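Visitor: Below, each chain spelled out in residue letters.
Protein chains: 2
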Amino acid sequence: MERKKIAIIGTGLIGGSLALQLNEKGLASKLIGVDASPENERVALERGLVDEITSIAEVTEKAEVIILSIPVDQIVILLPGLLDKVTDQIVIDLGSTKSQLTGSVQSHPKRGRYVAAHPMWGTEYSGPAAAVHGAFENKAVILCNVEESDADALEWTKNMFSRIGMHQLYMDAQAHDLHAAYVSHISHITSFALANTVLEKEREDNAIFELASAGFESTVRLAKSNPKMWVPVFKQNRENVLDVLNEHISQLRKFKSCLEKENWEYLEELINDANKIRRIIK
Amino acid sequence: MERKKIAIIGTGLIGGSLALQLNEKGLASKLIGVDASPENERVALERGLVDEITSIAEVTEKAEVIILSIPVDQIVILLPGLLDKVTDQIVIDLGSTKSQLTGSVQSHPKRGRYVAAHPMWGTEYSGPAAAVHGAFENKAVILCNVEESDADALEWTKNMFSRIGMHQLYMDAQAHDLHAAYVSHISHITSFALANTVLEKEREDNAIFELASAGFESTVRLAKSNPKMWVPVFKQNRENVLDVLNEHISQLRKFKSCLEKENWEYLEELINDANKIRRIIK
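These protein sequences, in sequence, are chains L and Z.
Just so we're aligned: 7 in numbering that gives the first Met the number 0 is position 8 of the first sequence, and the numbers increase by one with no gaps anywhere.
Just so we're aligned: 91 in numbering that gives the first Met the number 0 is position 92 of the second sequence, and the numbers increase by one with no gaps anywhere.
Since the hints were made in silico from the structure, they are not lab data.
You may find that some hints are simply not true.
[As the list claims (entries may be wrong)] Simulated crosslink set (BS3-like; lysine-lysine; CA at most 27 angstroms straight-line):
{"#": "1", "chain 1": "L", "residue 1": "Lys281", "chain 2": "Z", "residue 2": "Lys227"}
{"#": "2", "chain 1": "L", "residue 1": "Lys227", "chain 2": "Z", "residue 2": "Lys255"}
{"#": "3", "chain 1": "L", "residue 1": "Lys281", "chain 2": "Z", "residue 2": "Lys138"}
{"#": "4", "chain 1": "L", "residue 1": "Lys281", "chain 2": "Z", "residue 2": "Lys281"}
{"#": "5", "chain 1": "L", "residue 1": "Lys234", "chain 2": "Z", "residue 2": "Lys255"}
{"#": "6", "chain 1": "Z", "residue 1": "Lys260", "chain 2": "L", "residue 2": "Lys227"}
{"#": "7", "chain 1": "L", "residue 1": "Lys234", "chain 2": "Z", "residue 2": "Lys253"}
{"#": "8", "chain 1": "L", "residue 1": "Lys275", "chain 2": "Z", "residue 2": "Lys227"}
{"#": "9", "chain 1": "L", "residue 1": "Lys253", "chain 2": "Z", "residue 2": "Lys227"}
{"#": "10", "chain 1": "Z", "residue 1": "Lys227", "chain 2": "L", "residue 2": "Lys255"}
{"#": "11", "chain 1": "Z", "residue 1": "Lys253", "chain 2": "L", "residue 2": "Lys253"}
{"#": "12", "chain 1": "Z", "residue 1": "Lys234", "chain 2": "L", "residue 2": "Lys260"}
{"#": "13", "chain 1": "Z", "residue 1": "Lys275", "chain 2": "Z", "residue 2": "Lys138"}
{"#": "14", "chain 1": "Z", "residue 1": "Lys260", "chain 2": "L", "residue 2": "Lys234"}
{"#": "15", "chain 1": "Z", "residue 1": "Lys260", "chain 2": "L", "residue 2": "Lys253"}
{"#": "16", "chain 1": "L", "residue 1": "Lys275", "chain 2": "Z", "residue 2": "Lys234"}
{"#": "17", "chain 1": "L", "residue 1": "Lys260", "chain 2": "Z", "residue 2": "Lys227"}
{"#": "18", "chain 1": "L", "residue 1": "Lys234", "chain 2": "Z", "residue 2": "Lys275"}
{"#": "19", "chain 1": "Z", "residue 1": "Lys281", "chain 2": "L", "residue 2": "Lys138"}
{"#": "20", "chain 1": "L", "residue 1": "Lys227", "chain 2": "Z", "residue 2": "Lys275"}
{"#": "21", "chain 1": "Z", "residue 1": "Lys253", "chain 2": "L", "residue 2": "Lys227"}
{"#": "22", "chain 1": "Z", "residue 1": "Lys253", "chain 2": "L", "residue 2": "Lys260"}
{"#": "23", "chain 1": "Z", "residue 1": "Lys255", "chain 2": "L", "residue 2": "Lys253"}
{"#": "24", "chain 1": "Z", "residue 1": "Lys255", "chain 2": "L", "residue 2": "Lys255"}
{"#": "25", "chain 1": "L", "residue 1": "Lys227", "chain 2": "Z", "residue 2": "Lys281"}
{"#": "26", "chain 1": "Z", "residue 1": "Lys253", "chain 2": "L", "residue 2": "Lys255"}
{"#": "27", "chain 1": "L", "residue 1": "Lys253", "chain 2": "Z", "residue 2": "Lys234"}
{"#": "28", "chain 1": "Z", "residue 1": "Lys3", "chain 2": "Z", "residue 2": "Lys61"}
{"#": "29", "chain 1": "L", "residue 1": "Lys255", "chain 2": "Z", "residue 2": "Lys234"}
{"#": "30", "chain 1": "L", "residue 1": "Lys138", "chain 2": "L", "residue 2": "Lys157"}
[What the hints assert, rightly or not] Just the calculated beta-carbon pair ranges, DEER-fashion:
{"#": "31", "chain 1": "Z", "residue 1": "Gly133", "chain 2": "L", "residue 2": "Glu267", "range": "23 to 33 angstroms"}
{"#": "32", "chain 1": "L", "residue 1": "Lys227", "chain 2": "Z", "residue 2": "Arg278", "range": "15 to 25 angstroms"}
{"#": "33", "chain 1": "L", "residue 1": "Met0", "chain 2": "Z", "residue 2": "Ser256", "range": "47 to 57 angstroms"}
Please read all numbers here as calculations on a predicted model, not as lab measurements.
Ideal Cβ placement from N, Cα and C applies to all residues, glycine included.
Using the sequences provided together with the hints, build the complete structure.
Guide: Now the structure itself:
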C-alpha cells in the first residue's frame, strides 16, 4: 500500500489515535494536523501524532487524503466546502451519525471522493493527550452508502481500515443511525442521567467516592464524555434517539411498577429477560 | 493472627473469591464449604476453594468463624437459627443490604457474635467457577452497627478484612442501605432496563453484536447479573431504590424534553452537570 500524505482535521482522541496507528502501520508519507485549538495543535506535534500543522484553507493542497475527526455539526459545515476544492484527494469522515452528513453532499459533483465511515471505538476522554496506541484494532468500522463513493477512494479507505485491524460493515446511512442509537447513543444518555441522579441524590461526595464499586464506575463512565461531541450527535440523530429513549423510560417504569406493587415474580422475569444480553455480549 | 477454622456458606462468586484470599493470606487452618447446590460444592472442592464440605446443621460444631455469602433473603432466614446454636463463634454476613438483616437479630441473645459487613466488590458472574484471586484488594468494606458486635468478634473481622487488603468504613444499617441504593443498586436497574430496551428495539442480534462498542458493553455489563441475588436486594431495599429510581426517571425525562423541544443549550448544560462525576470517579 503506497504511503500517502494524510491530513487529520481534529487531532483529538479519535484523530490522534488514528494518527498513531497510521504511523505504526507505515501508511503515511506525512501526517498533517489541523485543529481549531492551538493548544491541541501544540500537544499533537509534541506527542508526534502529526509531523506538521496546516490550516483548513491549505489542507487540500497539502494532502492526498483528508480525514475529518471533529464533532458532527462541524463536519456538516466543512464537508461541502472541502469537496469544492478537491480534485482527486480522498475525504473520509469518522463521525457518529451519517444521514445528515451523506445527505448534505449527495448531489455534490465531487461526492465520489468522499467515504463516510464510523469506527466503533471511543473513550470518555477527549483531546490529543487522550489518544492511545492500537485503539482501533479488532474493532468494527461501518462504511455507509459506499455506492456513492468512487471505486479507488473506497478501495484505499477499506485497505487503510484493514491495515489498522478493523473489520468492515456496510450499511446505508439511515440504517446506521438507527443501529447507532440502540448500541451507542442511548448508553451515553443513560450514563449522563445516572450521573445526574447520583449527584442530585447523594450529597456526600465522600460516600460515593468511598463506596463506588466497579459496577457503578462502569455504568457511569460514559457520563464523563464531552458535550461538544455529543450534543451534535443527539441533534442529528434526534428521532432515533428519542424513540429508543422513550422505550428505555418505559422499560424503567416496568421496574418501578414491580417495586411499587411488590411484584417480585415479574421483577425476576424482567431480570431474566435482561440476562439474555449474554447471548450478544460475552 | 491465629488461623481459624472458617466456614463459608455460599461458595459462589463472593464466598469463593473470599476463600481464595483467606487461603493466600494464611488466615484459615481449615476452610469448610456449605452450599445449597451439590454442583457448587463439587466445583468449590475441585478448585480448592474449600477443604471440605459440611451441612448447615453441622457448621456451628465444625467452624470457629462462619461467613454467609448467599442471597440476602436467605441470610435473613438462616441468621437467627445460626445464632441460636452459636457459643463463641463469629458469624459474618457479606450481603448487599443491611437494615433488615441487623433488624432481624437486634434483640437476639447472641447478637454480639454477629458482624454485618458489605464488601464493595462483585462482578456480573456467579458461582464458584467465577471466583477470582485478589478480588477484594484495595476495595472498601462497610461494617454496620458495629456497637452491637462483641469487641473480640469485631476485632477479628476487622483484622481479616485488613489482611485481605480492604479499607473499612463504619455506618449504621439505614445509612448503608441508602448509600448502597445510590452507588450500586440503581446502576443494576439502569443496566437491566438498558439491556431490555436494546433487546426490544434491536431485533437484529448480529447488528448489536457487530456494532456494540466498549461503551455499550460497559453500560450493559451489569445486566448479566443473577436475579436470585438481585431480586432479594431490591425487595429489602425497596423504598430507597424506588426513591432513586424515581429521580433517575425524572433525570431521563429532562433529556427527553431537550430532544423533543430541541433545546440544545439545556442539553449541553445537563451533560456538563453529568461531567461533574469526574470529581468523584477518576
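Visitor: Each hint should be assessed against the structure and marked as holding or not.
Guide: Evaluated hints:
With a C-alpha separation of about 20 angstroms, the suggested pairing of Lys281 of chain L with Lys227 of chain Z holds against the 27 angstroms cut-off. Among the hinted pairs, Lys227 of chain L with Lys255 of chain Z is consistent with the structure: their alpha-carbon atoms are about 18 angstroms apart, no more than 27 angstroms. The straight-line distance between the Cα atoms of Lys281 of chain L and Lys138 of chain Z is roughly 25 angstroms, inside the 27 angstroms bound, and the hint therefore holds. The straight-line distance between the Cα atoms of Lys281 of chain L and Lys281 of chain Z is roughly 26 angstroms, inside the 27 angstroms bound, and the hint therefore holds.
Between Lys234 of chain L and Lys255 of chain Z the CA atoms are separated by roughly 12 angstroms; this keeps the pair inside 27 angstroms, and the hint holds. Under the criterion of a C-alpha separation no larger than 27 angstroms, the hint pairing Lys260 of chain Z with Lys227 of chain L is consistent with the structure, at around 19 angstroms. Proximity of Lys234 of chain L to Lys253 of chain Z is assessed by CA-CA distance (about 15 angstroms); at most 27 angstroms being required, the pair is judged to hold. Between the alpha carbons of Lys275 of chain L and Lys227 of chain Z the distance comes to roughly 15 angstroms, so the proposed pair stays at or under 27 angstroms and holds.
Using a Cα cut-off of 27 angstroms, the hinted pair Lys253 of chain L and Lys227 of chain Z holds, with the two alpha carbons roughly 18 angstroms apart. With a CA separation close to 18 angstroms, the supplied pair Lys227 of chain Z and Lys255 of chain L stays within the 27 angstroms bound. With a C-alpha separation of about 19 angstroms, the suggested pairing of Lys253 of chain Z with Lys253 of chain L holds against the 27 angstroms cut-off. Between Lys234 of chain Z and Lys260 of chain L the CA atoms are separated by roughly 11 angstroms; this keeps the pair inside 27 angstroms, and the hint holds.
Taken as a hint, the Lys275 of chain Z and Lys138 of chain Z pair is honoured in the structure, with Cα atoms around 23 angstroms apart against an allowance of 27 angstroms. Taking the CA atoms of Lys260 of chain Z and Lys234 of chain L, the gap is near 11 angstroms; set against the 27 angstroms cutoff, the hint holds. Distance check on the hinted pair: Lys260 of chain Z and Lys253 of chain L sit about 26 angstroms apart at the alpha-carbon level, within 27 angstroms; holds. Restraint check for Lys275 of chain L and Lys234 of chain Z: the C-alpha separation of about 22 angstroms stays at or below 27 angstroms, so the hint holds.
For a cut-off of 27 angstroms, the pair hint linking Lys260 of chain L to Lys227 of chain Z stands: about 19 angstroms separates their Cα positions. For the given pair, Lys234 of chain L sits about 22 angstroms from Lys275 of chain Z by alpha-carbon distance, which is consistent with the 27 angstroms threshold. Only pairs whose Cα atoms come within 27 angstroms are accepted, and Lys281 of chain Z paired with Lys138 of chain L is accepted, the gap being roughly 25 angstroms. Between Lys227 of chain L and Lys275 of chain Z, the direct Cα distance comes to roughly 15 angstroms. Compliance with the 27 angstroms bound is thereby established for this hinted pair.
Pair hint Lys253 of chain Z plus Lys227 of chain L holds up; C-alpha atoms about 19 angstroms apart against a cutoff of 27 angstroms. Between the alpha carbons of Lys253 of chain Z and Lys260 of chain L the distance comes to roughly 26 angstroms, so the proposed pair stays at or under 27 angstroms and holds. Proposed proximity of Lys255 of chain Z and Lys253 of chain L is supported: the alpha carbons are some 18 angstroms apart, at most 27 angstroms. As the CA atoms of Lys255 of chain Z and Lys255 of chain L are separated by approximately 18 angstroms, the hinted pair is consistent with the 27 angstroms bound.
Restraint check for Lys227 of chain L and Lys281 of chain Z: satisfied, since their Cα atoms lie roughly 20 angstroms apart, inside the 27 angstroms limit. The straight-line distance between the Cα atoms of Lys253 of chain Z and Lys255 of chain L is roughly 18 angstroms, inside the 27 angstroms bound, and the hint therefore holds. Of the supplied pair hints, the one linking Lys253 of chain L and Lys234 of chain Z holds, its CA atoms being roughly 15 angstroms apart against a limit of 27 angstroms. Simply put, Lys3 of chain Z and Lys61 of chain Z have alpha-carbon atoms about 11 angstroms apart, close enough for the 27 angstroms limit, and the pair holds.
A hinted pair counts as satisfied when its Cα atoms are at most 27 angstroms apart, and Lys255 of chain L with Lys234 of chain Z qualifies at roughly 12 angstroms. Of the supplied pair hints, the one linking Lys138 of chain L and Lys157 of chain L holds, its CA atoms being roughly 14 angstroms apart against a limit of 27 angstroms. Hint check: Gly133 of chain Z to Glu267 of chain L, Cβ distance near 32 angstroms, so the stated range 23 to 33 angstroms holds. Take Lys227 of chain L and Arg278 of chain Z: their Cβ atoms lie about 19 angstroms apart, and the range 15 to 25 angstroms holds.
For Met0 of chain L paired with Ser256 of chain Z, a C-beta distance near 49 angstroms keeps the hint of 47 to 57 angstroms intact.
Hint compliance for this structure: no hint is broken.
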